[in-house]
Amino acid sequence: MNTQVANTDMDQWLSQKLDELLPSKLQEIESNKTPSMAIIATKGTLDWAYPPFILASTASALGWDTSIFFTFYGLLLLKKDIPSQVSPLGNPAMPMKMPFGPKWFQDFNWPMPNLLMAGIPGFEKVATGLMKKTFKNKGVATVEELRDLCLEADVNMVACQMTVDVFGFDSSEFIPEVTDYVGATYFLPVAQKSDVCLFI
Amino acid sequence: MEQSHILNLSIGDTVPARRLSASAHAGRVNLKGKEVLIEVSADAVRAASDSRLPVLAELELYFSCLVRKQLRFREINGVQPQNENSSRVFPGLYAAFRAVTTSHCSVADVGDKPPVETMPVCQPERFVPDWIRIDYRAGQWLGEYGYARKYRQRLPAHPNRSHP
Chain A
1 MNTQVANTDM DQWLSQKLDE LLPSKLQEIE SNKTPSMAII ATKGTLDWAY
51 PPFILASTAS ALGWDTSIFF TFYGLLLLKK DIPSQVSPLG NPAMPMKMPF
101 GPKWFQDFNW PMPNLLMAGI PGFEKVATGL MKKTFKNKGV ATVEELRDLC
151 LEADVNMVAC QMTVDVFGFD SSEFIPEVTD YVGATYFLPV AQKSDVCLFI
Chain B
1001 MEQSHILNLS IGDTVPARRL SASAHAGRVN LKGKEVLIEV SADAVRAASD
1051 SRLPVLAELE LYFSCLVRKQ LRFREINGVQ PQNENSSRVF PGLYAAFRAV
1101 TTSHCSVADV GDKPPVETMP VCQPERFVPD WIRIDYRAGQ WLGEYGYARK
1151 YRQRLPAHPN RSHP
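Protein chains in written order, with the working numbering: chain A, 1 to 200; chain B, 1001 to 1164.
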C-alpha cells in the first residue's frame, strides 16, 4: 500500500517536473535544429528549371540542409550541358516580349496565336533565346550558374535511377557531383524528415 | 564605411566579353576568404586613378523569386575603405560582396534605393563569384560577375599579367 502511494507521488512529481521543463527543452531543441528542405524536381523546360535551383540555393544560403531528387524530365537538369528550352505553346500565361530595342518595343506584349507557335519550325529555339536574353539583361543568374551555386553550397543532388534506365541515359552524361542514383524508397524518408518538402 | 552617391548601375550583359575593352589589370581579389579572378579595363584603371575618392565595386547577389547578380559602383569617403567586407583591387578601386533579399519581388527595381536588405548568409564565401569584369565607358562604370565551376578549375596558378 505504501509502495503504491510512493509510486503515485513519484508519478505526480515526475509529471509536474516534465510540465515545467519540457516546453523550454523542446524550444531549445527546435531553435538549435538546422532546418531542412527536400525538393522533387520533375520538369526539364527552361522556365521550370529555375524554381528548384533558386529555392535550393536560397535555402542553402540561409544554412538549411537541402536535397533535390531529380526524376522524369527533371533529370535533364543534371546533364553536363543543360539542354532546357521553353515552349510558349500551350502556356498562355507566358508574356511574349522582346529583350531589345526601344522601351516601347520591349514593353509591347506580342500576341502569338497557337497556330503560329505550333507551325513555325524553330519557334521554341527563338523563344528560348529571347527568354535567356531577357533574363541576362535583367542580371538574372543562369540555370547553370544557379546549379553551380547549389553545388558550391553542398546541396545534395540525387537522380532517379529508374528514370535513367527508362530513358536510356548513361551516368557519364550527368555532372559528376550527382551524389547518388536512387529510387523513391531512398528519397521518401529524406522528404519525411524535412521541414519543407516541395514537388516541382 | 560611409558611402556617397551611387555613380551608376549595371546589370547582366552590360559588358559582354566580346565588347570588353582590353584588360589592363588581371589578378585575384580575396572576397570573404575566396579568391576571385578580376579583370579591369585600361579605361577603368584610368578612371579609378583619376577619381577624387576611392571607388567601391559592390557585387550584389539578390535572392528573391529569381536570383539576380549586379555590380554597383559607389565612391567611398570617410574611413579607410578596406575592411572585413571589402578588398583592395588596386589603389583607388575596392571590391565587396553583399547578398541581399527583399520582402517583395521586382527584378526591374534598380533605383537609387532598391528595397533590399543584407541577407544573413551562412558561409558567404560559397556564394562569392568566380570572376569579375570591370570597364569604364562614356563616363560610366560597367561590370559583370559570374560563377563557373569549370572556369574556376581552369584558373592559372599565377594570373597576374600586369599591374597598373
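For the record, the hints were derived by calculation from the structure and aren't laboratory data.
Hints are not guaranteed to be accurate.
Rough simulated footprint, nothing fancy, chain B against chain A, three-plus residues with beta-carbon under 8 angstroms [said to hold, decoys possible]: (1) 110–123; (2) 134–141; (3) 145–153.
Pair ranges (Cβ atoms, derived) [stated by the list, open to error]: (4) T1102/B / L26/A: 48 to 56 angstroms; (5) D170/A / A1026/B: 36 to 44 angstroms; (6) L22/A / Q1123/B: 51 to 59 angstroms; (7) S172/A / E1035/B: 38 to 46 angstroms; (8) K193/A / D1050/B: 57 to 65 angstroms; (9) C1065/B / L116/A: 26 to 34 angstroms; (10) W1131/B / D165/A: 46 to 54 angstroms; (11) R1046/B / D170/A: 51 to 59 angstroms; (12) R1052/B / K33/A: 34 to 42 angstroms; (13) M98/A / E1035/B: 45 to 53 angstroms; (14) T1102/B / I120/A: 33 to 41 angstroms.
Built from N, CA and C at the ideal position, the CB exists for glycine as well.
Here is how each hint holds up against the structure:
no.	hint	in the structure
1	110–123	violated (count 0)
2	134–141	holds (count 7)
3	145–153	holds (count 7)
4	T1102/B / L26/A: 48 to 56 angstroms	33 angstroms, violated
5	D170/A / A1026/B: 36 to 44 angstroms	39 angstroms, holds
6	L22/A / Q1123/B: 51 to 59 angstroms	33 angstroms, violated
7	S172/A / E1035/B: 38 to 46 angstroms	31 angstroms, violated
8	K193/A / D1050/B: 57 to 65 angstroms	58 angstroms, holds
9	C1065/B / L116/A: 26 to 34 angstroms	29 angstroms, holds
10	W1131/B / D165/A: 46 to 54 angstroms	38 angstroms, violated
11	R1046/B / D170/A: 51 to 59 angstroms	52 angstroms, holds
12	R1052/B / K33/A: 34 to 42 angstroms	51 angstroms, violated
13	M98/A / E1035/B: 45 to 53 angstroms	39 angstroms, violated
14	T1102/B / I120/A: 33 to 41 angstroms	39 angstroms, holds
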